[in-house]
Amino acid sequence: MVAATARVAGDLDVAEECVQDAYLAALDAWARDGVPHKPGAWLTATAKRRALDVLRREKVFRSKMPLLVESAEEEVVEEPDEDAVPDDRLRLVFTCCHPALAREAQVALTLRLVCGVSTGDIARAFLVSEPTLAARVTRAKKKIAAARIPYRVPEASELPERLDAVLIVVHLLYTTGHTAPSGADLVRADLVDRALHLTRVLLALMPDEPEVRGLLALLLLTDARRATRTDAEGRLLVLAEQDRSVWDRAAIQEGKGLVVGAFRTGRVGRYALQAAIASLHAVASSYAATDWPQVVRLYDELLKRWPSPVVALNRAVAVSMAHGPEAALDDVEALARDDRLAGYHYVPAIRADLLRRLGRQREAADAYRAALDLVDNDAERELLTARLAEVALG
Amino acid sequence: MAQYAVLIYSPAPADPMEITPDYLALLERYPAQVEELGGKIVTGFALQPSTTATAVRGDLVTDGPFIEAKEVVAGFFILEALDLDVALKIAKLNPATIDGGVEVRPLFVPPSE
Numbered sequence: 001m002v003a004a005t006a007r008v009a010g011d012l013d014v015a016e017e018c019v020q021d022a023y024l025a026a027l028d029a030w031a032r033d034g035v036p037h038k039p040g041a042w043l044t045a046t047a048k049r050r051a052l053d054v055l056r057r058e059k060v061f062r063s064k065m066p067l068l069v070e071s072a073e074e075e076v077v078e079e080p081d082e083d084a085v086p087d088d089r090l091r092l093v094f095t096c097c098h099p100a101l102a103r104e105a106q107v108a109l110t111l112r113l114v115c116g117v118s119t120g121d122i123a124r125a126f127l128v129s130e131p132t133l134a135a136r137v138t139r140a141k142k143k144i145a146a147a148r149i150p151y152r153v154p155e156a157s158e159l160p161e162r163l164d165a166v167l168i169v170v171h172l173l174y175t176t177g178h179t180a181p182s183g184a185d186l187v188r189a190d191l192v193d194r195a196l197h198l199t200r201v202l203l204a205l206m207p208d209e210p211e212v213r214g215l216l217a218l219l220l221l222t223d224a225r226r227a228t229r230t231d232a233e234g235r236l237l238v239l240a241e242q243d244r245s246v247w248d249r250a251a252i253q254e255g256k257g258l259v260v261g262a263f264r265t266g267r268v269g270r271y272a273l274q275a276a277i278a279s280l281h282a283v284a285s286s287y288a289a290t291d292w293p294q295v296v297r298l299y300d301e302l303l304k305r306w307p308s309p310v311v312a313l314n315r316a317v318a319v320s321m322a323h324g325p326e327a328a329l330d331d332v333e334a335l336a337r338d339d340r341l342a343g344y345h346y347v348p349a350i351r352a353d354l355l356r357r358l359g360r361q362r363e364a365a366d367a368y369r370a371a372l373d374l375v376d377n378d379a380e381r382e383l384l385t386a387r388l389a390e391v392a393l394g
Numbered sequence: 395m396a397q398y399a400v401l402i403y404s405p406a407p408a409d410p411m412e413i414t415p416d417y418l419a420l421l422e423r424y425p426a427q428v429e430e431l432g433g434k435i436v437t438g439f440a441l442q443p444s445t446t447a448t449a450v451r452g453d454l455v456t457d458g459p460f461i462e463a464k465e466v467v468a469g470f471f472i473l474e475a476l477d478l479d480v481a482l483k484i485a486k487l488n489p490a491t492i493d494g495g496v497e498v499r500p501l502f503v504p505p506s507e
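Residue numbers (the working numbering), protein chains in the order written: chain S, 1 to 394; chain D, 395 to 507.
Read the hints as simulated data drawn from the structure, not as lab findings.
A couple of the hints might just be wrong.
[Claimed, not checked] Listed next, with one range per pair, are the computed distances between beta-carbon atoms:
no., chain 1, residue 1, chain 2, residue 2, range
1, D, Pro504, S, Trp30, 38 to 48 Å
2, D, Glu497, S, Thr132, 17 to 27 Å
3, S, Ala135, D, Thr491, 52 to 62 Å
4, S, Arg337, D, Ile492, 43 to 53 Å
5, S, Ala135, D, Asp416, 37 to 47 Å
6, S, Arg340, D, Thr491, 41 to 51 Å
7, S, Glu241, D, Glu497, 28 to 38 Å
8, S, Arg32, D, Lys486, 23 to 33 Å
9, S, Ala41, D, Thr437, 16 to 26 Å
10, S, Gln253, D, Glu497, 42 to 52 Å
All residues carry an ideal CB built from backbone N, CA and C; glycine is no exception.
This is chain D alone, in the form it adopts within the complex (with noise of 0.2 Å):
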């Protein structure tokens, strides 16, 4: 099995308090629907807002994000699942990518020679 980073990009600032009862249904519904793919969520973290980030430059502390976008990182997961195409097909269930969208990138390992 292969292992991947789901980045969830949702509209800014994503406030996990303002998912609508809509949503938060999809998202109950979605680690059964991962499993049924034969992906294994690792773990999984939603975050503040992106309004209560900070971001540190050199030295430079300032408010907000680290990029200024429309779209900011809602949370994250780490999956796993047999190759991409699994993983694309878990990803794309998603709730996320109805308004926003997610990013599937694969966790580095290191090379073995």
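Next up, chain S with everything else stripped away, as it sits in the complex (with noise of 0.2 Å):
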């Protein structure tokens, strides 16, 4: 709604002004004469209008107030070029992911405008405080609206350096959505669907490029997992717990296939590389009998092309798988000593893990209790809570 209305407004502040007007509208129009029939549609329909009732105003204000230079006659409401892209929900992305913004603000902005995640569940997932990242999405929606930046998706010759922002923003989205950092669900699914909808569109859009069809293996095949990824309690399961036989095949049929077209064009990125580490685990009839050992050679190209201490930390659980959970303690203890990762769960939960295989209980107990202080989500508290019980009894 917000990026249908935007377009109409050229203003992401009006549009979401706009959109909250037309909620409140509806609360007394729609306790007057009911809910109408198609409620979503006379929201966008309220809001568009609001946004054409404040350009209107501003116009006139503006004809009556001399400009520092004259200006030329220009039409406010311009028509959008529908050919290019024929997503609303896209264009926005692209202007939110404007080179001349700052990469945290570009994440942040798409975030909250085009994906609807509230300013707080950003902040936790980019370890900064609430107000710090309320600041800097004002800032940067500030910088849209005095530096003009247009409201469109690019020309074909303006995509390649706007892509790896756009490609990490969606990924983002995706890993929002596919473990909530906050709240009762593992899963949001809106915010799944959502990035699996703008992927396809992006691929559409660049068909030859092998990143984009990677990011959307990748997503494919990691959803392919999303109905086994709880049992029916709602607790969480892990990979090797989970129902192989209900995964998705046709995601996994997809994702495989693109994957290898990735692969076929030899310039793989980050993305077609964690699209063949799921792919390998996805067409692997247990958790045991995964490659691990191709899954540890994989993630030691993705380590070249993607220096991130999360990635470290995932290579050294599929070295654990490969030779044994000693080998991997090491790499665990070194990461849990870097400072990017202080607030990051999964290193305390995995070298729990790694300590409950080698029979050191004790260790194993506090780490687990060091996890459970780091972590937001109810499913993974579980989780986190039961293996404690468990090696606490042991």
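Two chains, each in its own frame: build the complex with the hints.
Here's what the structure looks like:
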């Protein structure tokens, strides 16, 4: 709704305000006349109408106030260039990912405006305070308005320099939905579906970009497991415990095909590599039967292109499966001293699992407690609590 | 149309008399390129080298530019363009970007309400 209104308003703050106004108007109108047949369409139409009112008022005001330098006759409401990308949301994503904005602001704006993720959740994902993040979002919105960053999908020649940011943002949107940073539900299906949809539109726009293919493959292969990630009580199931017979075969098939396509281009990047790892998991008959040595090799490649401590942590898990928990423990303990991962509960959680597998129960219990101190998602908290009880008893 | 100040940064001291013939040739082509992209240069100036600058802070008057840096403001122009994307396209063609750079900054317009 914000995306559609922003196309009319050409200003994100105005668009957000108009959408809020529309909700308020709905409270009155719907209480009086009943809920309309298509409430979503009613809200969008109302928000757009408000945006047009605001523009009209501003135009009148401007015509009465001479500018510093005389400005050319201009059409305020421009018809959007529909043939480039027929998707308001993607247009908004590209606006938010404009290279004139800082990367962090790009991500935060997209999550906030395109996906409706709360400022609090975004702040948690970035490990900054909510007011800090809110200030950054405000500054970015002001820059979009003041510098007149246009609300459009860039031309083909400009796409490559913006693609990197867009892929990062869409991937982050997906991961935010895949494991919600807070709240009762593990998965926020709306965010996951939105990320998948955006990636499909991107691929239609840029069919030759191996990284777009890689990202779509990664999302499909990961999402194929969605139904098996929790049990009937909503308890989190780790990869090893999931019922592989329920995985979405069609999604896996499509994902595998995309990975092969991406590798065939010979320009393999981080998303294609991650997708290749996901596809090794998807085709294995069981967790133990996964081709772990190959997974480790892919992580080695991935680390070269994307030297992230989180990747190093995942690689350590693969090493523990390929060569035993002892082989991975040093790596994980080194990562535990890495400041960048200080608030990341997976570090103590993985360390705890390695210690448990090594039979060092007391140390494992301490590590589970450390992980519990940091975790914010209820489903994950339960899993860690269960594991802690297990090692404390043993 | 929106208005931007395009600040041109060149290696200090940015002496206009030391401009090479190649650079001058690029500069001469520039206005036509600006127009081709739908922009308009409202007004523009080149500055004397930064060694001729005098800084004033409070009561203190000192020799040199306000900020000592490897690159200094060599000139500026006011550009009218449809939006930031057009302004950036124009900025990218400025010859100063070869060994220095430019800053594109919207002019302040008082809020309408």
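Hint check:
1. One distance hint, 38 to 48 Å for the beta-carbon pair Pro504/D and Trp30/S, holds here, with the actual separation near 39 Å.
2. Checked against the given bound of 17 to 27 Å, the beta carbons of Glu497/D and Thr132/S, roughly 26 Å apart, stay inside it.
3. At roughly 31 Å, the beta carbons of Ala135/S and Thr491/D sit outside the given window of 52 to 62 Å.
4. A C-beta distance of roughly 45 Å is found between Arg337/S and Ile492/D, which places it inside the suggested range of 43 to 53 Å.
5. Our hint of 37 to 47 Å for Ala135/S and Asp416/D holds, since their Cβ atoms are close to 45 Å apart.
6. For the pair Arg340/S and Thr491/D, the supplied restraint of 41 to 51 Å is violated, since their beta-carbon distance comes to about 34 Å.
7. A C-beta distance of roughly 55 Å is found between Glu241/S and Glu497/D, which places it outside the suggested range of 28 to 38 Å.
8. Separated by about 55 Å at the C-beta atoms, Arg32/S and Lys486/D break the suggested range of 23 to 33 Å.
9. The hinted range of 16 to 26 Å is not satisfied by Ala41/S and Thr437/D, whose Cβ atoms lie roughly 49 Å apart.
10. A beta carbon spacing of about 51 Å between Gln253/S and Glu497/D agrees with the range 42 to 52 Å that was offered as a hint.
Hints 3, 6, 7, 8, 9 from the list above are not met by this structure, while the remaining hints are.
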